[in-house]
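> Chains as they are written, first to last, in my numbering: chain A, 1 to 342; chain B, 1 to 324.
Any given hint might turn out to be false.
Claimed, not checked - Capping the alpha-carbon separation at 30 Å, the derived lysine-lysine pairs in DSSO-like fashion look like this:
no.	chain 1	residue 1	chain 2	residue 2
1	A	LYS53	B	LYS251
2	A	LYS324	A	LYS335
3	A	LYS109	B	LYS310
4	B	LYS39	A	LYS47
5	B	LYS39	A	LYS53
6	A	LYS126	A	LYS184
7	A	LYS53	B	LYS310
8	A	LYS324	B	LYS310
9	B	LYS193	B	LYS179
10	A	LYS335	B	LYS39
Just so you know, the hints here were simulated from the structure itself, not pulled from any lab data. As the structure is a prediction and not an experimental result, all values here were calculated from the model.
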Amino acid sequence: MNVKDINPEILARQVVPPTRLPPDQTLLDLLYYMKLTRELEFRIERKLYRQGKIVGGVYVGRGQEAIAVGSCINLRADDVVCPSHRDMGAFLIRGMSLRTILAQYMARKTGATRGKDGNMHMGDLKHNLIPFVSMLADNVPVAAGIGLSFKMRGQDRVALCFFGDGATSRGDWHEGVNMASVFKVPVVFICNNNQYAYSTPLERQMAVENVADRAEAYGLPGEIVDGNDVLAVWDAATRAIERARSGQGPTLIECKTFRMTGHSAHDDAGYVPAELFEFWEERDPINKFERFLKERGIITASGIEDLQKRIHREIDEAIQIAEKDPFPDPEDCLKDVYYEES
Amino acid sequence: MALTTYVEAIRQGIWEEMEKDERVFVLGEDVGIYGGAFKVTAGMLEKFGEWRIIDTPISESAIVGAAIGAALMGMRPIAEMQFADFISCAFDQITNFAAKCRYRWGAGVPIVVRGPSGGGVHGGPFHSQNPEMYFVHTPGLKVVCPSTAYDAKGLIKAAIRDPDPVIYFEHKFLYRRVKEELPTDDFVVPIGKASIRRPGTDISVLTYGAMVYNALDAAKELEREGIDLEVVDLRSLLPFDKETILESVKKTNKVILLHEDTRIGGFAGELAAIISDEAFEYLDGPIRRITAPDTPVPYSPPLEEFFLPKVSDIVYVARELYAY
Ligand SMILES: Cc1ncc(C[n+]2csc(CCOP(=O)(O)OP(=O)(O)O)c2C)c(N)n1
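All chains should be modelled from the sequences, with the hints used to inform the complete structure.
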């Protein structure tokens, strides 16, 4: 895809604009979590990884922060989130600590999986976060089952399930979405359509124009939003969550965005035309939101600077602690394959 | 002459078969423009065009299913799994469709399903697996696990030419660590034939994949103590080279079975049964297994180190067995 193929009106034409705004405190929270996500992933990808402190792969969601943040901010603590691999904001909002996250990336015993698994494969039932497995879209049928259990027990809880555009090519995605719709379970499916799956552009992934077009085949609403507009994401997610909570079944939300990095830290994304990065850089979700907040007088330039300083401090502190955290004991390899009496 | 890496050897093997036989083509995720996650198909898009190096959607089941369909129509598809771990997503097509065609209705399915397996690179539970035994347990399939650049090239060629479905596991730890000079002429390594990597007289170590190198390192260490290991690289797990295995055991009378895969249901169990069935009276000691423990492959370096069989494990067990 090159720039001339991107209809600049694509967003204006298809996208549902926000119909309402959250309260001011939520606006500030949205900014905090987006900026925290960006800085944390910057440190992970550009500092710790390059210093050799993170082994294995690193995948970040730079440019996509509005999606996880905008959709998770309104959840209740007893709602459940099934994040994918570019949804760092979900972990932060659900209350996973920076130290736990950093220790996870640095393979320490104090990480979310105690060194058993790496990077964003984090979860904890305490935070109602279901960890991702690499097999893309495996979390979709699982989310359907989570929703099913809520429905069976008459609980008004909701599950959010995240995935990329590429993941929607897997059979498990279709089976899961179909089943969720047949059972009308309270699940919101959220796609970060960042136009690429590794090196594969969208048109090589699907013959329909939008991921949301897939919804019709399974009888659930499919909505498209500007994934770089946190308010649009917030609004669509809020409506879908309310819909699910009130027993009206699942919704698919497609967030149009762009992956502002390579697929992972070792990929220079040479296959992505430079103009595409430029096009989307201008639509950076954080810059855009900061402009909006300043125009509205909700935050000042120096307020943003203070926020950035606070974020730096929080991350610095967490890195210092996590770096001193111990690695797991070798024999821990054998633990927890099955239930163990403690 | 230049040394050829294991990964380059696979690439050459595919390249040469594609040049020779128009029916051969590759399909998989990111194999075209990107040249594959590990660059096995680098440069092939430019050479062979987008209908012979096909970038697919993320649909492992459809990748293998489409390969089967094309194979039934006379093509010779090579299906790439970006990581062998994701072969689970294509399990049904491989084990039910591909594996049972010939038995049911006489139609061969000459596909190759290949991908990087194995640990040692801190890939964690979903980028380090050794899934060979799921397929070794499926009659109708062939399963190969090359350990050298020569075998990597010779076996990929044999796999492409084979009239039946072949699952080809490339050990990702070896991709760029293993290299050798390769002959310039066309050669194949027959499926089902083992290779003696190091002849010895005291103990046979039967192994495959990256563990071949651990066995060789252990042999070097034990040499100084006068313990002479014979290292047999199985290369093919299904079919496997019973003759070479039994010959080696009958010669050394002691055997260590070594693999990176986990223990229960691992290939070592099968080998132990065969040796017990057919060479029991030649044994001068217990059949010993060295394998990964029965856990997922953990991510953190100390855990993964614990998980993977080590040279010191082999040395320890060999000493014990030698003294037996
Ligand atoms: C079943 C499966 N096949 C292949 C992969 C390798 N892989 C990891 S991420 C990725 C691309 C994913 O694209 P998309 O779903 O659009 O998410 P994005 O990375 O763009 O956010 C691929 C091919 C995988 N993890 N799982």
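> Tell me the numbers of any earlier hints that the structure contravenes, in ascending order.
Per hint list: 1, 10 violated.
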